[in-house]
Structure formats: C-alpha cells, structure tokens
Amino acid sequence: MVMKKLFDRNSFVHSGLDAKQKKQSLCVMAALSVFFVLSAFTFMNFLYCLSDCIGSIVCASPDISLRDAQRSAPIFLSFFMTLSGLMVAHTFYRNESEDVLRKKAKKHAIIGIVIGAIIIVYVIAMRIAGKYLSLVEGAPSAIYPLDSILYSLLFIAFGIFVLTYFKKAAGDAKYAGPSRPRLQKKGAFVRYIFRTLWLMFGLYGFCGFFYSIFIVDFTNGYVPYAIAIMLVSLVAFLSIAVWELLYNNLTPDVRKEITLPLSIVSLVVSVVSCAVYFLALKGNLDGPANVGFGILPIAYSASVNFATFLVVATPLIVSVTALIKGLCRRKKTAAK
Amino acid sequence: MKKKLICIILAAVMLVASAGCAKTQKSSDHLQDYVFTVRYHDGFNILQLTDLHWNVNSSTRSSEAYLDKLFKEADDHVKATQGASAKIDLVELTGDMFMLANSYHLSTFIEYFERKAEEYGFVYAPIWGNHDRHALYNPKELASRFGSAPHCLYTEIKDDLYGRSNYVINLTEDGTKNTAAVWMIANLDSGAGFSETEYSPFIDYDYIRPEQTDWFLSEHALAGENVPVIAYYHIPQDENEKAWTAVSGGADLKNKFFKLEGFADNGEERFASDFIDRAKDHNLKAAFMGHAHNVDWTCEYEGVVIGLGVKTGTELYFAHIHADTEDEAMKAGLASTGITEDFDLIGASLVTLTGSDGSFDLEHLYFNERESGDFSVWVKW
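Those protein sequences? They're chains A and B, same order as listed.
Using this note's numbering, the first residue of the first sequence is number 1, and each one after it goes up by one.
Using this note's numbering, the first residue of the second sequence is number 1001, and each one after it goes up by one.
Just so you know, the hints here were simulated from the structure itself, not pulled from any lab data.
Treat the hints loosely; a few may be bogus.
For each label pair, taking beta carbons as the anchor points, the in silico distance ranges come out as [claimed, not checked]:
(1) A:V320 to B:S1103: 38 to 44 Å
(2) B:D1214 to A:L150: 30 to 36 Å
(3) A:V320 to B:R1370: 45 to 51 Å
(4) A:I118 to B:E1371: 45 to 51 Å
(5) A:I118 to B:L1253: 55 to 61 Å
(6) B:G1224 to A:V272: 45 to 51 Å
As the structure is a prediction and not an experimental result, all values here were calculated from the model.
C-beta atoms are modelled at their ideal positions from N, C-alpha and C, and glycine is treated no differently.
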C-alpha cells in the first residue's frame, strides 16, 4: 500500500504542475545531478591532495606540506567552487520561497565567482613568482594548472548566468518549479553540520563506487572484498540520494506517512550491506591493500582503515536517525 | 522486464566473478618464467632510486628536472671513476614510485624512464612499494605498462607467490640464458599492508613471506649455488632493526650513513621474515630497500650488507641535515660521512659489481638542487 502510494505521481511535490514548470523542474534535477558528480570528482581530488599534505606533516616535513598545498591550492579551491554550483542547483531544487531562492542562489553564485577569480589570479601570480614552472606544469593532469583556470572560467560564466537570470526575471516570469517546505530553524546549526557531513559521505560513497569500477584489480583475487566495498560505497551514496532527493520530493502528508516504513527498509538494506562487508573482510586480511584501494586515500595514508568504517557506518546512522524520527512522528500523530 | 533485469544482473555478477578465476601458476614448476638476463661485465653499475613518490601534488616538470640532473651526475661520476666506457647498466626502482597518483603520472613516469634508458643505455627494474597500490590507476595498468615498456625488466605472473611481482635478473656472460649466471639480482615484492585481525581498523606493514623465500632459494639453486646475490625490495625486514639494536648495544659491526627515524617495518616478532635468515646461507651478499625516507643507514650484519637506499627526489618527506646539529643521530650520520655542511637527505645509491666472487662497491649520492650551484657528494661505504 505504502509502496503503491510512493510511486503514485500525486505523491510528489511536482505533481499537477504545468508543462513549463515540469520542464524547469527536470532541468533543475539534471543540473543537481551534474553538479553532484562534479563535486564528487573534485572532492576526491581534494582528498588526495589533502592526504599527501597531511602525510608530509605527519612525517615531520611541514615545509613540504606547505609547498604541496601552495601547488595544489587551485585543486582545493575548485572543490569549494564546485560546491557553490551544487548549492545553487540545490537552492532551485528546494525552492523554499521566491525570496529565499533569490537570496541564497545569488549568494552561492557570487561565492562561485569569487573563488573562480581567486583561482585565476592565484595561478597567474604563482606563474609570475616562478612557483609554477609553466602553465602546464603537469600533475594531476597534463595541463594543470591551466585546466583549473578553464574550469574557473566555466564557473564564473555560470555564476554570471545565475545573477543575470535574477536580474532579467525580476518582476517577470520567475522560476516556477515545485516548492518544498522551508527548512526548520530549530536546531539549524546541528542540522547544518549533519547535512554537510551527510553530503560529504554521499560524495565519498559515489566516488568510492564509481572509481573502484576502474581502479580495483578484480583479477588479483579478493573479488568478494572488492564487491563488498563497492556495495557499501553505493549504499552510502544511495541512502543520501534517497533521503535527500526522493524523500524530500514527496508531499508533506506522504512524507509523514512514509518516514517509518522507508527508514525500516533503509535500515534493512544498511544492515545487509554491513553484514556483507564484514563477511567479505573476514579471510581477506592480507589482500585489500594489494589490489588498489586508492578510493580510500585518507585510510591508507594514515595506515588506519577508519574511512572504510565511516562509509560502512553512514547508511546505518542515516537509517537509525530516520527510524527515530519516524517513531517520534507516529507517537505525535497517535497522541493527537 | 523483470527477467531481463535479472539476466543483466546475473551476467554482471558472473563477469566480475570470472575475472578472478584465471588459472594460478605454481611458481616452483615455472622457475624460468621469473628470470630476466642481462650481460655481465666487471664494473656493472646498479643505480638505486627509491621512494620517488610522484603524487597528485607533484610537479612532473620539477621532478623530471631533478632526475635529469641526478642521472647526469651519476653518469659523469661512473665515467670519471671507472673510465669513459663505464655507464649505468641497471636502475633499480625500489618501490613507492607513486603515491595517490593517477594514470597521467604513470604514463609520464614510464615515458620519462624510457627516454633516459635510451639516452644512457640502461635497463630499469621496478619493484612494488606499499604506496604504489594506493592510486587512481588500476594496479593492473601499472603492471601492464611496465611489462610492455621496451627498456623495463618486469613481469607479473598470476601465481601462488605472495605479492604482485617477484622476479630475478641473472647477469650472465653473454646476456642470455645460454651462459651461466655470474651474479643474481633478486627483486621481491615486500607487499603493502595487512590487518592482524578481521575487524582491526589498523593496517600493519607487510613483510616477505616464507613462500617467497622458498621461491628465491629455488631460483638461486637453478642459477647455481655459488652465484652471489643482491636482493632489492621496498619494506625493511626485521634484520635492519636487529642490526641497529646490536650496534646500539656496542657490537662492533661495520655501519655507516644516517638513521634519523625508525625503519617502519612490521616490528612484530611473529611477523618477522625468514628471507635474510635463510638467504644468507645461499650467497646473499647484500639486501637494499627503501621505505623510511630519513634513513639510509647501512650495516654489515651476519655477513650480509643490509641498507636503505637514499630517498630520491623531494616528494612527500625527507630529512634536512644540519651541520651544527645537537641531534645525536644526525651527528653520528655526519661523522660517518664526513660532510660538514647543511644538505637534504635525498639522492641515490650506486652499487658497482667488481668481480664474480661477490665483491662490490657501494656509494651513496646526496644530491640537492640549489640556485647557487647544485650540492653533490658521493660517500663510499
């Protein structure tokens, strides 16, 4: 019954929209997906560079860490610039109110433009100072740091497009996609922290799954372990995607009804993926490090497998939180 | 629709499962598959480069510029000390060539070494380090790229041995398998890391496993029991620490160079490797490794010269040596080398095979790029 309702088009907030609104809604979803993927890739680059810098500090070479951080500053900044794009798309996705949309989207677009400009100025200054021997220094790509300049220009153009859109649209036809309830102000800081962490694990899980298709050597044994780690990465990503996109796309009434059953399904999937992971881990004590788990840069730089455990635990934490939320809501409804 | 979906999922699962089902070769039945041959001559020069650590933060331009100068320095040195016809014959890359690197680094690295091999007339032999597996390329890609590079000696066989690649280079009179080996160079994969228990979040450093020692002894028996051997691998084994403990306790063992941090070995007795213990009775003359960047300490322990190579290049971390230091370990290193000025502990190590009787020379090169003129000091063992 619940599942039937879930897939009933009237359960979604964009049900009943006209053709133009639906088109806009689809465009926003597409933009959100593109920015998510870009954020995931730049996040992994960010983690890789950070791992190397941390590695140098841990090994008592802060001077090398600083040199590398200077060299890779555009990579670090690119991640935050991409996040600004993701936030713009997400603001349109939520469309809490006309006012909030304009204010937040403009803010994020300006952040993107500023970071983009900083990257360009930084690279030029470093080139002049001789820190980059050329504009195609090499590493992590053949045309780095030129590629970071081109990427920044793309984001500056996007930011200008968003700002122009609001200028042009002032008083005229505005974005009219589906609107979702405003985020609660109660406990806003805690929510902000958790949502940020949630996003990070979603990005990490996405990359963990996607990258491992290409970088794990399945021919060198340890196939069950490789599949298990891909599974937990995928579940970490999906648990974020389902709760943030599917769940938040439902009408408030349906959301109230579905929280508990969805959290139970989510919990079962999380427990199963965890069990598969631990079963696969058993008996693979000297394997994983040999087949290429570069998807876990922090883990192996620190010689501690904690990143894996965080990815494994994320869906569980998310599901249990949702379960508690669902139980509380049911209790409240029953009390009424 | 459901049936189609189930079929697709089943096909994908079978494809992945079959990927790991290629036939595993029994190493003891195919000993010849692990053997490369190179022509031997007295004055055969082996340049050891270790822990280059090309990573996402590396500038390939700067790294190549450093290596260009290093190769020129080594080539000039062997020509000056051994005659105009002398050259670097073999470059041993003893692990951690990469860390958190991607396919671009891999391609650039191999293209660079191919160019240099052509220029200086050497062949090069890569050995896996723990960090070479932690990257954005598939380890299989690294194996296949090295395996197909014209000047690279490398093989990776799906076998019953631990590690991704173990192989030997027999130095023979005519450079083929038709003549007897005069020297043997054994390249072993000392692994990456492993967990002691199923759910331990900690990863221990790996060690050379008994089956690798068995395989080495078989290869050595095949080449000839009297053939002297030098072994190269990445992670130091327990003998380094034993030698250090002995020297620290006052034992009169020949030792030299710097030890400014631990060996970063496994460190647990129950995981101690039997490699040197057993190989030393089979003409093992020396074992050289990398891994701990702030150490190039070398010691003659139970008849085997055991030492870490000098870290190559400026990636990740390395020690800054101060001539006016108060640090006892640094003072001891400085005293052993006779260097009286500040420098960074980076460069290379050179082994020259001086005769078929197992004699060889060892030198450490400390090479730093400086705007006021590069720092270059060779220190004999």
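Hints, one by one, checked against the model:
For V320 of chain A and S1103 of chain B, the Cβ-Cβ distance of about 40 Å falls inside the hinted range of 38 to 44 Å, so the restraint holds. The supplied range of 30 to 36 Å is broken by D1214 of chain B and L150 of chain A, whose beta-carbon atoms lie about 55 Å from each other. Separation of V320 of chain A from R1370 of chain B is about 58 Å and departs from the stated range, judged on CB atoms against 45 to 51 Å. The given range of 45 to 51 Å is broken by I118 of chain A and E1371 of chain B, whose C-beta atoms sit roughly 29 Å from each other.
As the Cβ distance of I118 of chain A to L1253 of chain B is approximately 57 Å, the hint placing it in 55 to 61 Å holds. Between G1224 of chain B and V272 of chain A the beta carbon distance is about 57 Å. The supplied range of 45 to 51 Å is therefore violated.
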